[in-house]
Amino acid sequence: MQIHIHNLTKTFGPLRANDAISLEFAAGQIHGVLGENGAGKSTLMKLLSGFLRRDAGEVRLDGRPVRLASPAEALRAGVGMIHQDPLDVPAFTALENFYCASPRAAMPSLSAARRMLSELAERLEFTVAPDSPVSGLTMGQRQQLEIMRLLACGARVLILDEPTTGITAAQAVALFAALRRLAAEGKTVLFVSHKLDEVAALCQTVSVLRAGRVVGTQMPVPQPHERLLTMMFGQAQPEPDAGAVSTTPVEQTPVPAEQPPVWQLADITLRQGALTLSNLTLEIRAGTVLGLAGLEGSGQQLLLRLLAGQLRPPVGQLRLNGVDMTGASMPAMREAGVHFLPADRLAEGLVGAFSLTDHAALLNRSRFLLDRRTAVAEARTAIADYDIRATPDTPIEALSGGNQQRALLALLPEWCAGLLMEQPTRGLDVTSAHAVWQRLLARRNAGTALVFASAELDELLEYSDYIIVFFAGRVSRPLARSELNETRLAELIGGIGFENARSSRTDAA
Amino acid sequence: MPGQAEQTQHNEAQLERQAWGTEDRMAESAGPGAARLRGLKSGVLTALVALAGAFLFTTLVLLVTDVSPLAAFQLILFDAFSTPIKRADMIMLAAPLLLCAAGLTLTFSVGLYNLGIEGQIVLGAVFAMIPLRLLPDLSPLLLWFLAFGAGALGGALWALIAALLKLYGQVSEIFAGLGLNFLATGIALYLVFGPWKRPGVASMSGTEPLPEALWLPTLEGLRLAPAAPIIALLALLLVWIVLDHSRWGLSVRATGLNPAAATRLGVPAGRRLMEALCGCGALAGIVGALQVLAVFHSLVPNISSGLGLLALLIVLLVQWRPAWVLPVVLIFAIFSRGSFSLPLRLSIDSSISGVLQGALVLFALLARGLLRR
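Residue numbers (this note's numbering), protein chains in the order written: chain C, 1 to 509; chain P, 1001 to 1373.
Heads up, some of the hints might be wrong.
Unchecked claim - Residues from chain P shown here face chain C by an in silico Cβ test under 8 Å; the list is partial: (1) 1175; (2) 1219; (3) 1246; (4) 1250; (5) 1258; (6) 1266.
Please keep in mind that the hints were generated in silico from the structure rather than gathered at the bench.
We treat Cβ as the ideally placed atom computed from N, Cα and C, and that holds for glycine.
With the hints as extra help, turn the sequences into a complete structure.
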């Protein structure tokens, strides 16, 4: 299905998120859409899939003007979108999700739906068991389910928003193969990303957005990376190699061994659902960065939430700064200087309807009555320091993902004993990610212990002093960065040679 | 299913607040003047749509029942001002409504729908009776203080039960509130017909009336006890300061909007929930005490007279903004008092003011929803 976009415009208050965008996507191809955070990619895709309504402009599918007033209408017209966080019903099984929102003509009965699901799964080489509950599926499987559902509903245009975030490498390979197959069958695939390699590997054309406008239109792939980066970021183009970007890189000094431990775990056993971490003994010292690697759901989140005080270990002891804090609550941990930055910023990170000023006022504990002026000043400082694209009074939910992440970091107190992060640079472009890490490393050098989970091998290897690999609930000892390279780390994450990296008692980190 | 319904309602309330916040603040970035203008514009528009819709709908109802709408509206709108007595009654109606609505802005802010407010009023009245019955020889001034204090305590305790059920029993405050309302009415009935019954006969008309010395003093020839509006306005002022201008209020709103994020940011969310609910319960308890001291002068089974439910309707309009409570409560009180004259003058039931009030809220919500799109 061919897509014509003409002068498409969407504004949020004073912000022109999409400014007279005109693009054309041919059928039977995979089209990459690139842009830094806040460039307007997600807005454009939500306009196409009916999640947002356009202010002006026109969209034609196969030459026919379409209204796209709602996701259902867009899907009837043939456009389906797979969101970064799949929109499904976690309490339902895969089959029920597949069945419940489909048009009756496509699936007259549950058994027909089951047949259709297994056919689609076989054709696309996906691995979704029809009867497993969605809450038990990985992000990658939920994505696969969503793709199959949209196809069953008659989608001829598939829009994928940062689809490789949070899924495993193997799932990404399967996804790419499936997308190529679908394109070969005549479907149009729009692939939104800021990862240049993926676009180069997958797409036939690439378009680039910057600040709500189109700066590169349906260019054939391959394109030189430098050219694309210039388009994405403007003339002041950053190096793609993160290590060389900043003019004043924070030095990665080796950690002196005498730094005191922040967390000490002794023989901790932790259970959640089917996952068990057992006999966890670990020291995490001040002034170190500990990276948590592993396939999604291998136990990293369990460890992070244990360290944050969100999970109470049934067995074992947890000491913080030398004090026994086994089973302490999150507020108690916070009081002791432990801060947690969740991956889902709007769900448990920040209050979406509150502005930076509101957050600053909330965190300022000095007086009973609110001091609006100080709070605004603090918000302005945060905006300047972290280059947040917002006014002090913009609600957080109106910011782009990258800006939300910067706001999350900007609101941390000046000093923390320990910082726990899930996917700290999820959804950030290269420059933003680098800027964020420079600040995190500065905190490390000031003596904070940093623990982060990430799905990006580069990020883990670039910034960690030690890495712990999780494999199906089993935990490696802390591996010094010098012990690892990308290949070795990838093998460990896949469980290859995992036993050698295990040792019952370690206190290296 | 009920849990889901509650969740939906909760989410809607959240969305509502978020949408309003968004609108206000987005406009602010274009300059504070423009923001005020825009906020005013949408506010005025909502009010106009609500008023037009409500009056049109009520007109239809009146026409169907063969009553002249003009005559009816004239009574509803202006009769409350026609005599000093009616003006006084209108104020005595507004005072408890103010207290309840002010309290409900607290629970609305923290994300709770305090359906249990009726029971909290009843328990306030019951508790207020305790010092009045036990220590009748104290000076009236001291007894009034004791009665109001006991009333506030009773309401707060009743609300605390709902809060504890919510926090530790995973019971929705809506269901807990409903259950506790029935329980409270049961307690009042038991007392009126049991231990506190009038010497001789027990009767629905309540317990033995208080000695006149203990009635809250009223203005000469009127039923207006000046203490009632004074207490109500003070309470409203307090709620406004606390909710709009204190860090506590901000943390209450943060809890209401996103408890997980609020907890992460260091807000004791559970405690805020309890404090807001108990604050509302205390104000409702004061209403109970007022009903005893200034209106019924005894404990009657129907002591709350539906005031709490009417206040819930009002809070649907004002949401978490206490500054709007006073004008809306006055309008509702004017309608209610004005409609008391309907049976006498036009021989229709006074409940037509309820139709008008309900339609007003529904049309305001409708206008708000449409403006948001």
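Status of the hints after comparison with the structure:
no.	hint	result
1	1175	violated, 21 Å
2	1219	violated, 36 Å
3	1246	holds, 5 Å
4	1250	holds, 5 Å
5	1258	holds, 5 Å
6	1266	holds, 6 Å
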